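Colleague: Line by line, the protein sequences give chains A and B.
Count the first sequence with numbering that gives the first Met the number 0 and you get residues 0 to 223, in order.
Count the second sequence with numbering that gives the first Met the number 0 and you get residues 0 to 295, in order.
Just so you know, these hints were derived from the structure itself, not from any lab.
Model, not experiment: these values are computed from the prediction.
Backbone N, C-alpha and C define an ideal beta-carbon position, used for all residues, glycine too.
Check each hint, because a few of them may be wrong.
[Stated by the list, open to error] 27 Å max Cα-Cα, derived DSS-like pairs, lysine-lysine:
| id | chain 1 | residue 1 | chain 2 | residue 2 |
| --- | --- | --- | --- | --- |
| 1 | B | LYS181 | B | LYS113 |
| 2 | B | LYS75 | B | LYS113 |
| 3 | A | LYS125 | B | LYS264 |
| 4 | A | LYS133 | B | LYS264 |
| 5 | B | LYS181 | A | LYS127 |
| 6 | B | LYS239 | A | LYS125 |
| 7 | B | LYS67 | A | LYS36 |
| 8 | B | LYS67 | B | LYS110 |
| 9 | B | LYS113 | B | LYS133 |
| 10 | B | LYS128 | B | LYS75 |
| 11 | B | LYS154 | A | LYS34 |
| 12 | A | LYS125 | B | LYS274 |
| 13 | B | LYS19 | A | LYS127 |
| 14 | A | LYS133 | B | LYS133 |
| 15 | A | LYS133 | B | LYS274 |
| 16 | A | LYS125 | B | LYS113 |
| 17 | B | LYS110 | A | LYS34 |
| 18 | B | LYS82 | B | LYS181 |
| 19 | A | LYS140 | B | LYS133 |
| 20 | B | LYS67 | A | LYS133 |
| 21 | A | LYS34 | A | LYS10 |
| 22 | A | LYS34 | B | LYS113 |
| 23 | A | LYS133 | B | LYS154 |
| 24 | A | LYS127 | B | LYS154 |
| 25 | B | LYS67 | A | LYS125 |
| 26 | B | LYS181 | B | LYS128 |
| 27 | B | LYS82 | A | LYS127 |
| 28 | B | LYS113 | B | LYS67 |
| 29 | B | LYS67 | A | LYS127 |
| 30 | A | LYS125 | B | LYS19 |
| 31 | B | LYS214 | B | LYS181 |
| 32 | B | LYS239 | B | LYS264 |
[What the hints assert, rightly or not] To give an idea of the chain B side of the interface with chain A (calculated C-beta under 10 Å), a few residues:
| id | residue |
| --- | --- |
| 33 | GLY60 |
| 34 | ASN77 |
| 35 | THR80 |
| 36 | GLY219 |
[Said to hold, decoys possible] Far from chain B, by Cβ distances over 10 Å, these chain A residues were calculated:
| id | residue |
| --- | --- |
| 37 | LEU80 |
| 38 | LEU116 |
| 39 | TYR121 |
| 40 | LEU123 |
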Amino acid sequence: MDWQPLLLTFKLASITSIILLVVALPVAYWLAFGKFKARGIVEAIIGMPLVLPPSVIGFYLLLAFSPSYWFGAWIEKMIGLRLVFSFPGLVIASIIYSLPFMVYPLRAGLQSLPVSLQEASYTLGKGKFETFYKILLPNCKPAVLTAFVLTFAHTVGEFGVVLMIGGNIPGVTKVASVAIYNEVEALNYTAANQYALVLFAITFSILLMVYSINNRLLRVRQPA
Amino acid sequence: MSDNQLEIHIEHVLETANGKLPMQISLSVELGSILAVTGPSGSGKTTLLRQLAGLVSPVSGHISHGNKTWLDTFLKTNMPTQKRNIGFVFQGYALFPHLTVRENLTFALEKGAKTGIIDELLNDIDLIKLADRKPFQLSGGQQQRVALARALVRKPDLLLLDEPLSALDHSLRGNLQELILKFHREYGFTMIIVTHDLGEIFRLANQVAVLEDGKIVRHGTPSEIYLPNENTKDVVLYGKVLTCITFPDHIFVRAVIQQNIQELKLPLHLASGIKPGCSFALGYELGNAEIKMIDL
Chain A
0 MDWQPLLLTF KLASITSIIL LVVALPVAYW LAFGKFKARG IVEAIIGMPL
50 VLPPSVIGFY LLLAFSPSYW FGAWIEKMIG LRLVFSFPGL VIASIIYSLP
100 FMVYPLRAGL QSLPVSLQEA SYTLGKGKFE TFYKILLPNC KPAVLTAFVL
150 TFAHTVGEFG VVLMIGGNIP GVTKVASVAI YNEVEALNYT AANQYALVLF
200 AITFSILLMV YSINNRLLRV RQPA
Chain B
0 MSDNQLEIHI EHVLETANGK LPMQISLSVE LGSILAVTGP SGSGKTTLLR
50 QLAGLVSPVS GHISHGNKTW LDTFLKTNMP TQKRNIGFVF QGYALFPHLT
100 VRENLTFALE KGAKTGIIDE LLNDIDLIKL ADRKPFQLSG GQQQRVALAR
150 ALVRKPDLLL LDEPLSALDH SLRGNLQELI LKFHREYGFT MIIVTHDLGE
200 IFRLANQVAV LEDGKIVRHG TPSEIYLPNE NTKDVVLYGK VLTCITFPDH
250 IFVRAVIQQN IQELKLPLHL ASGIKPGCSF ALGYELGNAE IKMIDL
């Protein structure tokens, strides 16, 4: 069995999840506590990948990333990077595609904390940033873990978007889900089954681990 | 503006269960004194504390502490909570669940401040032996002491307490009141405490302000507010309601008054809002033996 598509899948999922965590934290904080009129619009845009067919997102990203259009041309001119049919392009597409899976659990976690924790920290002279990473974040560890893993798992399961903008280049854009599709198309069911089984086993183990850890974290917080 | 007063003049809109209510407070508190704020729920007590802390901005108004202006909506100045040097003891304690008792206190230290005060406070609240425990491993009374000590780490100019003792039993309340007074003597802060407990008001406060529907309806020393006029020979009894049954023309109340269970038949208009658990002061005018409810 060729392990390359699987390794590529987990490389893509890891990089996407890490970058997305950094990007999504301020967004989630802003959505949880910000008082802005434009909030509804931002929420709707972030939530689009939940409802749109992946091929729609993939199609527009394909246009955006293509050097024949201004964004792709501009990126290529500025940093010499071609986003279409390349790994960096896949990462950016995955970030957009998985954004709600990271932002929503983080926002829910932040909102579930009593407001008095934040206020107590302010009355003790601490600013918003210090309050965020020293008080709020440590108290919503289960939400952070859930968000990270959901994003990771969602990126592992990505297919339509990858196919649209990444194509099928071995070692660059041919991730496991695409490899399975190819093997099925070629009536090579044994290979398809191998990929599918490995994906199934690994994602199940990850989810099992997360729920066990979360249950333990939540139990610790219950009064004795 | 006076240099030794906390001046509060604010206008706001209270969001209550019965709709919006205008709030108008004008109050000056001598620095270093203790003011109790009392009144029915929804009258704006907590909102007032939160405005003083800078957690809520009133629609318009002016708040100054000594010669420092904390808020002036006309001049568009609003000093952030972090800079007001206040201590706030929240109703639900608001201890940080992921930090130990000691860490909860240390978190409050300013950068570069001496750490000696942490052990001092832990000793004062008698929790030095439990300093490595997390808040959920402590009893309610212990958590309350941690919240109080944490609010004092920065040696605040103004200590705000939002019904800090309401969840504690009688003897614990006494101990904590003692502790609050000790800290007040030691640190000399100004203190504003929201409370329903008359015993507490008499024990702690120099002044009391009674709030109703967003306005101060009475303001003075506890004796001026609750005790009948000194010229008359009235007697005031303090008690706690155990049960009450409403009849068409009166309310029948069983209450603990001076450690005895007494039965009272009160006219409806005097006892509206009475319910089991609430404290009251009962004034007897000896002349005509008429019962009148002074406060609920």
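Colleague: Confirm or reject: LEU123(A) is not an interface residue toward chain B, with every Cβ-Cβ distance exceeding 10 Å.
Modeller: 4 Å, violated
Colleague: Has the given pair, LYS125(A) with LYS264(B), been kept, meaning a C-alpha gap of at most 27 Å?
Modeller: 54 Å, violated
Colleague: Is LYS110(B) within 27 Å of LYS34(A), Cα to Cα?
Modeller: Not satisfied, since the Cα-Cα distance of roughly 30 Å exceeds 27 Å.
Colleague: Taking the closest Cβ pair, is THR80(B) under 10 Å from chain A?
Modeller: Constraint on THR80(B) satisfied, holds at 4 Å.
Colleague: Are LYS125(A) and LYS19(B) close enough, with their CA atoms no more than 27 Å apart?
Modeller: Answer violated: LYS125(A) to LYS19(B) is near 32 Å, above 27 Å.
Colleague: Please verify whether LYS239(B) and LYS125(A) have alpha carbons no more than 27 Å apart.
Modeller: With a Cα-Cα distance of about 41 Å, the restraint between LYS239(B) and LYS125(A) is violated, given a limit of 27 Å.
Colleague: Are LYS133(A) and LYS133(B) close enough, with their CA atoms no more than 27 Å apart?
Modeller: The hint holds at about 16 Å.
Colleague: Going straight from one Cα to the other, do LYS67(B) and LYS133(A) come out at no more than 27 Å?
Modeller: At roughly 30 Å apart (the allowed maximum being 27 Å), LYS133(A) and LYS67(B) break the hint.
Colleague: Has the given pair, LYS133(A) with LYS274(B), been kept, meaning a C-alpha gap of at most 27 Å?
Modeller: Answer violated: LYS133(A) to LYS274(B) is near 43 Å, above 27 Å.
Colleague: Holds or violated: LYS67(B) with LYS127(A), Cα cutoff 27 Å?
Modeller: With Cα atoms ~23 Å apart, LYS67(B) and LYS127(A) stay inside 27 Å; holds.
Colleague: Tell me if GLY219(B) is really an interface residue toward chain A, meaning its C-beta lies closer than 10 Å to one of theirs.
Modeller: 29 Å, violated
Colleague: Could you grab the alpha-carbon distance between LYS67(B) and LYS125(A) and see if it respects the 27 Å cut-off?
Modeller: 20 Å, holds
When each numbered hint is compared with the structure, violations occur for hints 2, 3, 4, 5, 6, 7, 10, 11, 12, 13, 15, 17, 20, 21, 22, 30, 31, 33, 34, 36, 38, 39, 40.
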